Every structure is written in C-alpha cells, then in structure tokens.
Amino acid sequence: AAGVIQSPRHLIKEKRETATLKCYPIPRHDTVYWYQQGPGQDPQFLISFYEKMQSDKGSIPDRFSAQQFSDYHSELNMSSLELGDSALYFCASSLKLHYNEQFFGPGTRLTVL
Amino acid sequence: GENVEQHPSTLSVQEGDSAVIKCTYSDSASNYFPWYKQELGKRPQLIIDIRSNVGEKKDQRIAVTLNKTAKHFSLHITETQPEDSAVYFCADTLRGGSYIPTFGRGTSLIVHP
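Residue numbers (my numbering), protein chains in the order written: chain A, 1 to 113; chain B, 1 to 113.
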C-alpha cells in the first residue's frame, strides 16, 4: 500500500539559509500535518491543512510557512534557519480531519550548521 | 507536551512481563487518544487508539483503557518481547477546541531478553 512520501530524507543547511521540505500524502487523504521532533523530544505539531486550506496552527515559528497544493502535496518552507531548527520533520496524512488515524512519513532529517 | 502528562519516562522489564504506561490529559472535550510506537530514527507508528465512547480496547497483546472522569488513559502490553523495545507516545488531539495533536513526552520501554 502507498505510504506518505517525504523528500528529501536528509538535508544539511547553513545558518540563515532557507529550506523546503515536501510531503506527498497517501492517495485520497485530504489532511496533512507537519511535526518537528528534536533529539529525545516528543513530536511538536506545527501546522495542518485540510482540503488545501490551513486548518490548525501549532508551534510553527513565523520564519516557517507551509501550503497544500491542488494535488494535495504539501511543502514546508523554512527561512533564516537557526541551529535550533535541526530536527526530524515528519509529515502525516489522514483521510478525515479529527477522527481518523494519522499515517506518518519517514521524516526529513534537517541539520543546520 | 504541556497538556499531556506521561509516566514513566523509562520502563525496564524482563521478557514476558507486562508493561503499563499512563497518560493524563486536561481538556475534558478530548475524544480521541492514540498511542504511537517509535523506534530510534524511525517514524511514529500508531499501535492502538481509543475513542471516548468506549472504556477499553484490545488488540492481541496490546490494550488501552480510558477513564474519562479521571481524564487518564493507559497502555498495557502483556507478554513483552525484546522487539517491543521502543519509545511509546500517547497523544491528546484537542487543545482549546482546535484539533492540535499534543504528544506526551514519551516512555522508553526496554525489554530485557
């Protein structure tokens, strides 16, 4: 069965650079979530989209933005990168907002030097 | 997460023993509680979930109980095996009326052969 796809899997950037992470949800899933997980930490919810509209917002910094496109894939744009942005970034998708289980992608490991 | 307390942070058991992880939540309107298993560097994987209209759910060696009055839910793993070793996260899915998934801080389960 098709799973959530994230690209790239690994990314190394310098401070103050920008990064774009991509997420391709499971086909027919209409909701996408982004999470940030620091080393030894729990996943922190950043933002979600339902039917291409922003749904809920969590602890996403103002330097980050995201959107969901007409084909339901989503991109997380990160600017003015800081050392503290180094983390695993997970995307998850679900069929319906609120009540269905989330399927996580393999994650993108971002390292900021 | 600030709205979900998870205990213990570390749990060490012998193979074949049972393991119990407990979480408490604060939003009485919360109605969906998933549990995730995460191996090092891998994605969180849903292992069981419970909705607020039931008090217990079981899937082979894994069970979850929910006490809505006390606002806590627990994960029970029986006949533990070394491959159960991982970090387990509980989650609450409502914060202030919005669908903002909040994870507990995680329990590192170690099953000794």
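By construction, these hints were calculated from the structure, which means they are not laboratory data.
The structure presented is a predicted model; accordingly, all values stated were derived computationally and were not measured.
One or more hints might be untrue.
[Said to hold, decoys possible] Taking lysine-lysine pairs in the BS3-like style, the calculated list, with each CA pair at most 30 Å apart, reads:
(1) Lys-52/A <-> Lys-68/B
(2) Lys-13/A <-> Lys-42/B
(3) Lys-15/A <-> Lys-71/B
(4) Lys-68/B <-> Lys-22/A
(5) Lys-13/A <-> Lys-52/A
(6) Lys-13/A <-> Lys-71/B
(7) Lys-15/A <-> Lys-42/B
Hint-by-hint comparison with the structure:
no. : hint                  : result
1   : Lys-52/A <-> Lys-68/B : violated (34 Å)
2   : Lys-13/A <-> Lys-42/B : holds (22 Å)
3   : Lys-15/A <-> Lys-71/B : violated (43 Å)
4   : Lys-68/B <-> Lys-22/A : violated (38 Å)
5   : Lys-13/A <-> Lys-52/A : holds (28 Å)
6   : Lys-13/A <-> Lys-71/B : violated (43 Å)
7   : Lys-15/A <-> Lys-42/B : holds (26 Å)
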